[in-house]
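Let's have the full structure, built from the sequences with the hints guiding it.
Protein chains: 2
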Amino acid sequence: MILRNLNDIRKSDQNVRADGWASARMLLEQDGMGFSFHVTTLFAGAELKMHYQNHLESVFVLKGKGTIEDLGTGKTHKLKAGDLYALNDHDRHILRPETDMLTACVFNPPVTGKEVHDESGAYPAAEREPVPAD
Amino acid sequence: MILRNLNDIRKSDQNVRADGWASARMLLEQDGMGFSFHVTTLFAGAELKMHYQNHLESVFVLKGKGTIEDLGTGKTHKLKAGDLYALNDHDRHILRPETDMLTACVFNPPVTGKEVHDESGAYPAAEREPVPAD
Chain A
1 MILRNLNDIR
11 KSDQNVRADG
21 WASARMLLEQ
31 DGMGFSFHVT
41 TLFAGAELKM
51 HYQNHLESVF
61 VLKGKGTIED
71 LGTGKTHKLK
81 AGDLYALNDH
91 DRHILRPETD
101 MLTACVFNPP
111 VTGKEVHDES
121 GAYPAAEREP
131 VPAD
Chain B
1 MILRNLNDIR
11 KSDQNVRADG
21 WASARMLLEQ
31 DGMGFSFHVT
41 TLFAGAELKM
51 HYQNHLESVF
61 VLKGKGTIED
71 LGTGKTHKLK
81 AGDLYALNDH
91 DRHILRPETD
101 MLTACVFNPP
111 VTGKEVHDES
121 GAYPAAEREP
131 VPAD
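Top line first, the protein sequences correspond to chains A and B.
1 is the number of the first residue of the first sequence in my numbering; add one for each residue after it.
1 is the number of the first residue of the second sequence in my numbering; add one for each residue after it.
Everything labelled a hint here was simulated from the structure, so no lab data went into it.
Worth double-checking, as some hints may not be accurate.
[Unchecked claim] So the derived list for chain B, only partly shown, Cβ under 10 angstroms to chain A, looks like this: (1) 79; (2) 84; (3) 94.
[What the hints assert, rightly or not] Mimicking PhoX-like on lysine-lysine, the simulated pairs with C-alpha atoms at most 20 angstroms apart in a straight line are: (4) A:78 to A:65; (5) B:80 to B:65; (6) A:78 to A:49; (7) A:80 to B:11; (8) B:65 to B:78; (9) B:63 to A:80; (10) A:63 to A:78; (11) A:11 to B:80; (12) A:63 to B:63; (13) B:80 to A:63; (14) A:63 to A:80.
For each residue, glycine too, the CB sits at the ideal point set by N, CA and C.
What follows is the structure, given as C-alpha cells:
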C-alpha cells in the first residue's frame, strides 16, 4: 500500500511548476499503478494550449472556474468545480483558467516524472512527458 | 473530448449506492481511457472491508477524515483531505470513515459499470467489478 500526502509532495521534487501551472505528482509510472495521478493548479489568467500526443488524460475540477476550447470542434466549454473533461482522442485544446483552478488529473500511460529544467525554467518533455504544447 | 458533470452523474444510472458508500462513476471502461474515475462518498460510521483482487485502485481524499487498516501489515493509518492511498498490491484493507469522506478514485483496469442490483439492494460484482468484500 502506498500512502502519500499532497503537502509533502508539494515540498518534494515530485512537484513541478511551469508558466501558468503547478502539478503535484502523487503517483508516477514507477509506482506501478498503470496510470499517474496529479493534483494540478492552473493559475488565473493563464492561456494553456496543450496537445498530449502520447497520453490520454482526464481532469476533474475541484475548485475554481475557467473554460476549455476544443480546437477540433472550435467549441468552448465552461468548467467549474464538479466538471470533468477527458481527452480521449488526444484532443488539442486551450485551457483558460479565470480563477486559480485546482484539478485532479489522471494520465494513461503514466507520466515518468523524469523531466529536467531547461534554461528558461520550464520542463521539457521527456520521451513520454506531457507538457503544454506550442 | 468527453465532458461530464458530477451532479449529472449522480442523477444517472452511473451513480451506484451500497451499504456505507455511494459512487459517481464519471468515467467507465466504455469511455476508452484505460482507467475508470469515480467520485465516491464513504459514509460516517461505516466499516468497509475490501479486497479488489482484479484491480489496482488509488484513492485521493477530498473532504472528511477516517482511517485505513492495512490487513497485510496490521497497521492503521489516518486519512484526511490531501491524503492518497494506492492499493498497488491488491491490498486487503478496512476503511473506517469517521465523517462522511469524499474521495476521487481511479481503477485500473477500468470498472465496466455493468453491475446489477441483487435482492438485498447491493451490487454484485460483474466479472471485473470491484465491490466491498466479505
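Pairwise hint evaluation, residue 49 (chain A) against residue 78 (chain A), where the allowed Cα distance is 20 angstroms at most:
This hinted pair holds, its Cα atoms lying about 16 angstroms apart.
If you draw a straight line from the CA of residue 80 (chain B) to the CA of residue 63 (chain A), is it 20 angstroms or shorter?
holds, 18 angstroms
Given the hinted pair residue 11 (chain A) and residue 80 (chain B), is their Cα-Cα distance within 20 angstroms?
holds, 18 angstroms
Compare the distance between the alpha carbons of residue 63 (chain B) and residue 80 (chain A) with 20 angstroms, and conclude whether the hinted pair is satisfied.
Within the cut-off at roughly 18 angstroms; holds.
Closest C-beta approach of residue 94 (chain B) to chain A relative to 10 angstroms, hint status
For residue 94 (chain B), the interface hint is violated, since the closest Cβ of chain A sits about 12 angstroms away, which is over 10 angstroms.
Under the criterion of a CB-CB separation shorter than 10 angstroms, is residue 84 (chain B) in contact with chain A as hinted?
At about 5 angstroms, which falls below the 10 angstroms cut-off, the nearest Cβ of chain A leaves the hint on residue 84 (chain B) intact, so it holds.
Pair hint outcome, residue 63 (chain A) versus residue 78 (chain A) [Cα-Cα no greater than 20 angstroms]:
Roughly 13 angstroms between the alpha carbons, so the hint for residue 63 (chain A) and residue 78 (chain A) holds.
Holds or violated: residue 80 (chain B) and residue 65 (chain B), Cα atoms, limit 20 angstroms.
Since the Cα atoms of residue 80 (chain B) and residue 65 (chain B) sit roughly 4 angstroms apart, the hinted pair holds (cutoff 20 angstroms).
Holds or violated: are the alpha carbons of residue 63 (chain A) and residue 63 (chain B) at most 20 angstroms from each other?
holds, 13 angstroms
Residue 63 (chain A) paired with residue 80 (chain A) [C-alpha distance capped at 20 angstroms]
holds, 7 angstroms
Hint check: residue 78 (chain A) vs residue 65 (chain A), CA-CA at most 20 angstroms. Holds or violated?
Holds, at about 8 angstroms.
Tell me if the straight-line CA distance from residue 80 (chain A) to residue 11 (chain B) falls inside 20 angstroms.
holds, 18 angstroms
Violated hint: 3 only; the structure is consistent with all others.
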